[in-house]
Each structure stands twice: as structure tokens, then as C-alpha cells.
Amino acid sequence: MGCGKSTVGREIGARLGYRLVDMDREIEHRAGRGIPAIFEHDGAEVFRDMESRLLESFVADGLQRHIVSTGGGVVGRAANRALLRRLGYVVWIDAPFETILERTSRNRNRPLLRTGDPEARIRELMSEREPLYDEVAHLRIDGDGLSSAEIATGIIECARYFFADRS
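If you read the sequence shown in this note's numbering, its first letter stands for residue 81, the second for the next number, and so on.
I should point out that these hints are in silico values taken from the structure, not numbers from a laboratory.
Glycine included, each C-beta is placed from N, C-alpha and C at the ideal position.
There may be inaccurate statements among the hints.
Stated by the list, open to error - Quick list of simulated restraints, FRET-style, between CB atoms:
id, residue 1, residue 2, range
1, Pro116, Gly225, 25 to 33 Å
2, Thr233, Gly123, 37 to 45 Å
3, Glu182, Glu230, 14 to 22 Å
4, Ser207, Ala162, 21 to 29 Å
5, Leu181, Ser137, 31 to 39 Å
6, Gly112, Pro176, 29 to 37 Å
7, Arg99, Leu181, 24 to 32 Å
8, Thr233, His121, 38 to 46 Å
9, Thr233, Glu125, 34 to 42 Å
Take the sequences, apply the hints, and build the full model.
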């Protein structure tokens, strides 16, 4: 949520020649409407079901040479965490509360932040999700104060070591 996943994913994809799949955009494309409309008309559970089905399709299709940018809440389901690990190298781009608040406050397409107190909601979501990100991630990178290019470089270098150890 607001940590720069899509921006960093595009950077890595460009450097490695991998295609970026932004799950939120893919869900919107398949549903024929935006995420706020899905949340408003169908509810959060339907959206989470769509995320799960999309991850399942990636695994079933043997998705390779892709960067998958997930929505922040995808880790909320244990089955999704298992699917993410099956897909490949999972990176958690960690960002401080202030950075996430600043980035998400500019975006009106965040249904979970349409509350009377979005700051409290961000803190709540971060608290709920942090142990789940920690469980699923092969790498946690602190993105505080780093450019997307610097974060991408760190991820690529760590991934090289990760995969070298497995060959």
C-alpha cells in the first residue's frame, strides 16, 4: 500500500526484460470496472476472491519472467501467501508510515482508506499486514529515502544471490 511496488516493478522489468503484471490493473481489466466500483458494488470479499483466482491462474499457467505487483491486502489470506511463494521470489518493499500516508493521500482510488480517519486506518492495516508480509517475503527491503532505481538495484542483487544458492 503506497510503497512503490508498481514503480519498482516497472524498473526491474525494464532492466531484466520481464513483463510487469499489476494485479490491481489486471483485476480491473477482467472485471471491466475499477477497484472502487468493485468494493462499492460487490464488497471487499469479492475483490479478495478475484485476487485469489488471479494468483491461482498465475500458478496454473506457470507464469515466468514476470514481475507481479500485488495489492497490499493480498497477504491477508493464507492461501494467497502460499501461492505467492509458489510463484517465485517474494519481495516486501517496506516504507514508513509517513511515506505511505503521503503517497496514498493523493490517490482517491483506495476504498479501504475512505474513512473518517484514514491515518488511523493506515496504521491499522500496516499493523495487521506486517507479520503477514514478514511470513511470505524472501526479502524485506527498506525503501525509506531510496529512489525506485535504488530499490530495484537492491532487489535484483539480492535475487541473484537467492537464485545462485538454489542452483
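CB of Arg99 to CB of Leu181, is that within 24 to 32 Å?
Since Arg99 and Leu181 have Cβ atoms about 31 Å apart, the given range 24 to 32 Å holds.
Do the Cβ positions of Leu181 and Ser137 conform to the proposed distance bound of 31 to 39 Å?
The hint (31 to 39 Å, Cβ to Cβ) holds, given that Leu181 and Ser137 are roughly 33 Å apart.
Range hint compliance [Cβ, Thr233 to Gly123, 37 to 45 Å]:
holds, 40 Å
Is it true that the C-beta distance of Pro116 to Gly225 lies inside 25 to 33 Å, as the hint says?
holds, 31 Å
Please test the hint of 21 to 29 Å on the beta carbon pair from Ser207 and Ala162.
Cβ of Ser207 to Cβ of Ala162: about 22 Å, so the range 21 to 29 Å holds.
When you take the CB atoms of Thr233 and His121, is the distance between them in 38 to 46 Å?
holds, 41 Å
Quick check on a hinted range of 14 to 22 Å for Glu182 and Glu230, using CB atoms only.
holds, 18 Å
Between Gly112 and Pro176, does the C-beta distance stay in 29 to 37 Å?
Once the Cβ atoms are compared, 36 Å apart, the range 29 to 37 Å for Pro176 and Gly112 holds.
Kindly confirm whether 34 to 42 Å is satisfied by the beta carbon distance between Thr233 and Glu125.
holds, 38 Å
Against the hints set out earlier in the document, no violation occurs for any number.
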